[in-house]
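So you can see what is in the structure, the chains are spelled out below.
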Amino acid sequence: MTEVSTAEKDVVRPSELVVLKSVNKHFGALHVLQDIDLTIARGEVVVVIGPSGSGKSTLCRTINRLETIDSGTIAIDGSPLPQEGRALARLRADVGMVFQSFNLFAHKTVLENVMLGQLKVRKADRRAAEEKARSLLDRVGVGTQADKYPAQLSGGQQQRVAIARALAMDPKVMLFDEPTSALDPEMINEVLEVMQQLARDGMTMIVVTHEMGFARSAANRVVFMADGRIVEEAAPDRFFSNPRSDRAKDFLSKILHH
Amino acid sequence: MFDFLQGYDVLGAFWMTVKLTLLSAVGSLVWGTLLAAMRVSPVPLMRGFGTAYVNIVRNIPLTVIIVFTSLGLADIFGVTMGASDDFKAQGFRLALLGLVAYHAAFVCEAVRSGINTVPVGQAEAARAIGLNFSQSLRLVVLPQAFRAVIAPLANVLIALTKNTTVAAAIGVAEAASLMKQMIENEAQTIAVGAVFALGFVVLTLPTGLLLGRLGKRLAVKR
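Residue numbers (this note's numbering), protein chains in the order written: chain A, 3 to 260; chain B, 3 to 224.
No wet-lab data here; the hints were simulated from the structure. Just so you know, these numbers come straight off a predicted model, no measurement behind them. C-beta: ideal position from N, C-alpha, C; glycine also. Any given hint might turn out to be false.
With a straight-line cut-off of 27 angstroms between C-alpha atoms, the simulated BS3-like cross-links for lysine-lysine are [stated by the list, open to error]:
id	chain 1	residue 1	chain 2	residue 2
1	B	218	A	150
2	B	223	B	21
3	A	150	A	122
4	A	150	B	223
5	A	110	B	182
6	B	223	A	122
7	A	134	A	110
8	B	21	A	110
9	A	122	A	110
Here are a few chain B residues that sit away from chain A, every Cβ distance over 12 angstroms (derived from the structure) [said to hold, decoys possible]:
id	residue
10	25
11	132
12	153
13	191
14	206
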């Protein structure tokens with residue numbers, strides 16, 4: 003489940019959906035991503051954890067090129083990430099992204115938020131787009147809020163709408179950049195439940211999070227990052243019960259026992 | 003008491019002012035928005051053009067620009083705006099061109115400051131669902147930016163209304179040119195001035211009040 007065998011690499015439709023090879027990125031003097039190699043298989047749920055400033059969010063954002071990289075390659079479903087332009091826009095439509103701060107379009111209703119990409123990128127017919135938007139909103143449990151504006155919703159509701167907005171594009175992979183970090187504690191679960199359901203449905207997911215419970219229950223693999231490097235990768239059970247690196251042990255001791 | 007008004011087409015002159023104002027308002031809104039789009043575009047050449055345009059044009063006195071359209075564009079380069087025989091129409095169109103060129107620079111800066119009020123995450127989310135640069139701008143960023151800058155745009159519109167008086171310099175028969183004519187012919191110069199001052203207040207005061215209210219009503223809630 004967690005490792006991709008060499009035999010599978012020869013299949014025409016690669017089972018590796020997202021492949022990062024020796025990716026490097028600097029923010030000025032800060033080397034935020036250092037020789038990152040990471041492969042995510044189709045249907046896999048990978049949780050990225052690590053102390054703040056370790057480069058997790060940056061890593062997540064490079065995958066749909068919201069952040070550019072200095073060197074290395076990133077490929078999605080077998081094709082390398084395009085430069086700016088039409089091809090990049092097309093690729094982004096296939097990569098769903100959920101942000102820490104929701105980023106729902108503030109001047110559009112919930113329904114319009116979920117329809118916009120379908121209409122303008124997928125060129126879907128208005129009726130079909132609305133039908134799909136409503137069913138997705140029902141699926142994430144905010145169907146009754148369809149005609150409200152984002153500012154009228156709670157954080158948890160907004161984030162679930164954001165998930166529906168990303169799903170409306172039928173993405174191949176979903177990126178979650180700390181989706182629950184800006185939420186009040188009582189709203190975290192409603193968002194995690196939606197994500198858990200998504201994982202069960204077989205969606206390929208890369209989740210940057212501090213929710214260790216989610217990592218344990220939904221992840222196929224945990225990637226631990228510190229200081230811009232991937233320090234450790236393991237199945238969640240093994241990682242949480244028996245971390246190999248000192249850095250991970252130190253991190254876990256700080257967050258798990260208090 | 004208002005005898006001095008007799009024989010003058012004051013309303014006609016103000017109608018010319020209104021026409022100049024409305025047409026150049028639309029023109030400078032369109033051109034100014036395009037300039038703002040250039041100034042935030044990812045293409046360095048466009049950014050450079052937008053920046054250079056704004057910094058050059060807004061620092062030249064409007065009178066110089068308007069006079070240049072007539073003495074420079076029309077007389078030297080033969081730009082007659084499709085009205086080589088009709089000097090009235092030519093003057094009007096040249097004045098319009100000058101007013102649009104000048105006020106677009108101010109509209110651009112107002113719109114650009116509006117764009118800066120829209121959180122970066124909005125544009126990122128737009129790009130993340132696959133919208134390209136112009137779609138992100140048209141569908142997500144600009145609609146929010148405009149709502150934030152209705153009041154500053156009202157300022158530009160008020161300034162524009164009053165700046166149409168400069169068109170008198172190239173012979174457009176708008177309010178200020180009639181005022182000059184009346185002051186030369188009539189004894190009640192203060193009354194003449196007051197009539198025209200009042201006329202402009204009547205034009206601009208509702209603009210400011212109305213747009214101010216509109217700005218509050220359309221503000222994007224976050």
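How the hints compare with the structure:
{"no.": "1", "hint": "218(B) <-> 150(A)", "verdict": "holds (19 angstroms)"}
{"no.": "2", "hint": "223(B) <-> 21(B)", "verdict": "violated (35 angstroms)"}
{"no.": "3", "hint": "150(A) <-> 122(A)", "verdict": "holds (21 angstroms)"}
{"no.": "4", "hint": "150(A) <-> 223(B)", "verdict": "holds (12 angstroms)"}
{"no.": "5", "hint": "110(A) <-> 182(B)", "verdict": "violated (51 angstroms)"}
{"no.": "6", "hint": "223(B) <-> 122(A)", "verdict": "holds (24 angstroms)"}
{"no.": "7", "hint": "134(A) <-> 110(A)", "verdict": "holds (17 angstroms)"}
{"no.": "8", "hint": "21(B) <-> 110(A)", "verdict": "violated (35 angstroms)"}
{"no.": "9", "hint": "122(A) <-> 110(A)", "verdict": "holds (14 angstroms)"}
{"no.": "10", "hint": "25", "verdict": "holds (29 angstroms)"}
{"no.": "11", "hint": "132", "verdict": "violated (3 angstroms)"}
{"no.": "12", "hint": "153", "verdict": "holds (17 angstroms)"}
{"no.": "13", "hint": "191", "verdict": "holds (51 angstroms)"}
{"no.": "14", "hint": "206", "verdict": "holds (29 angstroms)"}
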